[in-house]
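Asks: Which chain is which? The protein sequence lines are B and R, in order.
Our numbering applies: residue 80 is where the first sequence begins, and numbers increase by one.
Our numbering applies: residue 20 is where the second sequence begins, and numbers increase by one.
It should be emphasised that the hints constitute simulated quantities derived from the structure, not laboratory data.
All residues carry an ideal CB built from backbone N, CA and C; glycine is no exception.
Be aware that one or more of the hints could be misleading.
Computed Cβ-Cβ distance ranges for the label pairs, DEER-style [unchecked claim]:
| hint | chain 1 | residue 1 | chain 2 | residue 2 | range |
| --- | --- | --- | --- | --- | --- |
| 1 | R | L304 | B | Q136 | 51 to 61 Å |
| 2 | R | S476 | B | K108 | 39 to 49 Å |
| 3 | B | K541 | R | K471 | 30 to 40 Å |
| 4 | R | S466 | B | N240 | 48 to 58 Å |
| 5 | R | S476 | B | S88 | 38 to 48 Å |
| 6 | R | S325 | B | T555 | 51 to 61 Å |
| 7 | R | T482 | B | P105 | 51 to 61 Å |
| 8 | B | S448 | R | L398 | 33 to 43 Å |
| 9 | R | F494 | B | P487 | 51 to 61 Å |
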Amino acid sequence: MSGHSNLLSWILWMPIIGVLGTLLIPRTKETMIRVWSLLNTVITMALTAVLYMKFDQTLPGMQQALTEKYAWIKQFNIFYHLAVDGISLPMILLTALLFFICILSSWTVKKQVKAYFALLLFLQSTVFGVFMAMDFFLFYVYWEVMLIPMFFLIGIWGGENREYAAVKFFLYTFFGSILMLVGMVALYFVTGQGVDSFNILALSGGKFTNTTVEIFGMVLPFAKIFFVALFIGFAIKVPVFPFHTWLPHAHVQAPTAISVILAGVLLKMGTYGFLRIAFPIFPSASVYFADAIAWLGLINVIYGAFCAMAQNDVKKLVAYSSVSHMGFVMLGLAAMTVQGMNGAVLQMFNHGTSTAMMFLLIGILYERSHHRWIVRPDGTKGFGGLYTQLPKYSIVFIIAMFASMGLPGLSGFISEALIFLGIYSKFTTITVLAVIGLLLGAAYLLWMFKRMFFGEVIEECKSYTDMNAREIFYMTPLCIAVIVFGVYPAPLLNMMKASVGKLVSLLATF
Amino acid sequence: MALNYLASISHYVPELILCLTMAGLILIESAYDRGVKGSAKGMMYWGAYLGLLCSFVYLFKALGTEPLQIFTRSIVIDSFGTLAKMIMVLGTAGAIFLGRQSLDIYEEVKSEFVILTIGVLIGGMLLVSANNMLLFYIGIETLSILSYVMASLKKNDERSSEAGLKYSLYGGVTAGLMLFGMSHIFGVLGTIQFTEIIPAMAALTKAQALVLMPAFLLFFVGIGYKIACVPFHMWSPDVYEGSPLPVTNFFSIVPKIAGIVAFVRVTNTFFGGDASIVRETWVVLLMIASALTMTVGNVAAIGQRSVKRMLAYSSISHAGVMMLGVLVIDDLGARAILFYAVTYLFMTLAAFFITSFVQDHYGNDHFERFNGLMKKHPLMSIVMVIVMFSLAGLPPLSGFVAKFNILAAVVSKKYYVLAVIAALNSVVSLYYYMKVVRLMVFKDAESDEPVKGFIFSNQVVITVIALPVLLLGVFWEKLIVIAGGAKIFLQ
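Only chain B is shown next, with the shape it has when bound in the complex:
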């Protein structure tokens, strides 16, 4: 069943070629390193564009023509198995785009340039690995390896409290994934160590509904126990309340580009894990726990919004708004209906673009102000009247803010509307309460906007310069994305429809 095309491998390993290149360039030639990295991400983007062309939207499940499968460790039946379907393709496209933008936004990084770009490109490769791997072992390896560049990127280039944030992030996610490891090994033995024991696609379909497991003499359902193990692993990544406490620290301390990647792509890996692994492999348990997931999602929405409202640090505010928005994704997943699931996957993409914009904009502002206080700890205003000082910046900010708020005509609206359509029939109470979350979202964003952009121009803000050409250049694709997909989401929906439909019909049988 080996592949007809090695396109996925090219995309996966292209950033590694970039890493090797940066390592060969002498550390003093900083511009050369930057240009090389940029070039590398452009090539990767071009390759993903080819992938999009080759992708057959009518097929549910994996694209046979693009699948690659080679033996890695025969003793354990571990394969180097890459494939894409309609759920992973939007994520791959998003990853390629965001890393390109991040390289551009990192142009101003001065500290240890060589190591920074090498780690960033390495991170990109591991993220691709997570979204492409169809072998559970391979998936796990990429899932974990990703922590290493993240740890260094936050810890070396982060803010004042970076060490604490890096350690917390690392330990938290490692804790989650190690439980997943036990679950993975258990699956391997329950399926009899056969050729398909690590094959995510072959494991799925509810084979373990009636399997039991004995712990301390109690006979327990296998599916439920190990669904919970996987759930914790993925939930920490999303992050689902109460596993979210690492996120505000990591976001606030991380440098701009890393915040963008973290919010834009890494959080989606958690929900992608549900879609790819937890739901298909344990459909019965997923249906069983759907209520719990929905309620947790609701807590995320409301709690995240309230936390965001209380923040004085604008980056922390956006970080909590991510918690709130990922709650919508969880709600869409829990619905397990066609609209809900499609909405969830669409929200994963749309949140990726809109939050990335928010973090990039905060980064741009930070480079001028060197602080992020809406209200300083001593009670004075941190920003004021930015609207008159930075007109271009303000327009982009308004687009980003409204997209993330879910204003009709922009991308956030479509996905949230789909999610609400999907969950209404199943969880009416939760739907009503979640709408309050939407309202709260509008409240904290508008309030933040009012405090920063309107009112008296404070003295400090007068010296700020507006966005330069480079900044406008890298914001443009994201602006286009939120507007176009807000008006015409069909390209994205067509891409994912068949694959999501397959998953929904699987879940419907339980």
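Place chain R on chain B using the hints.
Replies: Below, chain R without anything else, positioned relative to chain B:
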């Protein structure tokens, strides 16, 4: 198949080479004045390496041949033991190299260090290939008695003397208990020959089997002490701390691996055959012991100031992880242990090597000494980062694969709770391993002047040691096939 004495000798060449090497080294040492530098010293080391190399080559040739019982069936030559011996020979070579560099061993006792390591190695090889209880005892004693001397190699240092004394007192008591246990076992089973034990166990009545239980427990005390398993671990932090650093490095590799491997053989011999209540009880006991060993080692490692002591505690927890492979009592467990031993060897060597250099360079090995090492010596720091992450079990490094294999062995027996305990322990261990990385990479040092004195040959050696840590994380199929082929000879 049993062989006569003359034929036996031809299968005992690796050990004999080492005996000759040891004797030769003693001769060289006594023929030259103490403190003579240059050629005589060089001869010591080259002689030792040559002996180890020859022994390694012979072991390699013996790998995969039919299992044999030699010297009137008192020693068994099987691939399982042979592979373990190869690992120990490599470990000894690494320890000798480190011993030559380190300032922690006084110049005038350096040659003694070399001689003693080879002596301990011979003891360890005897232990892993023992085929009856008496030889098992002799092996463990050869290993221990020389170790006591090594622990107190820093003659003028109080803590080193304390370490030696503690080690020998503890060792004496546990050896006595073990011998007592063995005599009980002989009383019940009527044999000391390992190969006769499986049928003898099968013939026991239930009451007789229960009588064996305390005897096993006493037997276990002796082995448990050697591998520093909780609750027999009390000696180890003090001994590890007091001993000179290369000795600590050696202790955490060779005697530990010898102990674990011998433990696998014994457990498989006694419990491989039956599925009785005795086996169940024994497994539960080992489960508790291994869970405690992992947890105590890890929790204690968190609070340490000295990197050497942290590594000592972490080696306790690694022994706990390896015990997981013992208690599953099957080939999967044995394979996982051999794989673990190989990776553990390289990781430990590299970690101690760097710690030793830092200690010699700055006078002590406290965590602060690692501050900002990344800027001062990038190669050394990168190796240390790789090793630390590998010890914590992060992919794509070999430590992860080793841990995965152990977990697989545990889960295959459906010991899920134990697997979760092991998994959570690696999160705890990540915390303190990460501390070293954090200090090296994130912190700024007091001064930015580059570290000098880490000569080129050392850089080459450290890279060579670190390469398997990286490569075995991705290309581990070959090794797992070799380890899987190394079967234990039971009857």
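Asks: Hint by hint, say whether it matches the structure.
Replies: Comparing the hints with the structure gives:
1. L304/R - Q136/B: 51 to 61 Å: holds, 60 Å
2. S476/R - K108/B: 39 to 49 Å: violated, 31 Å
3. K541/B - K471/R: 30 to 40 Å: violated, 52 Å
4. S466/R - N240/B: 48 to 58 Å: violated, 25 Å
5. S476/R - S88/B: 38 to 48 Å: Holds: the Cβ-Cβ distance is about 39 Å, inside 38 to 48 Å.
6. S325/R - T555/B: 51 to 61 Å: At 55 Å between Cβs, range holds.
7. T482/R - P105/B: 51 to 61 Å: violated, 21 Å
8. S448/B - L398/R: 33 to 43 Å: Cβ of S448/B to Cβ of L398/R: about 40 Å, so the range 33 to 43 Å holds.
9. F494/R - P487/B: 51 to 61 Å: Holds, since F494/R and P487/B (Cβ atoms, about 54 Å apart) stay within the stated range.
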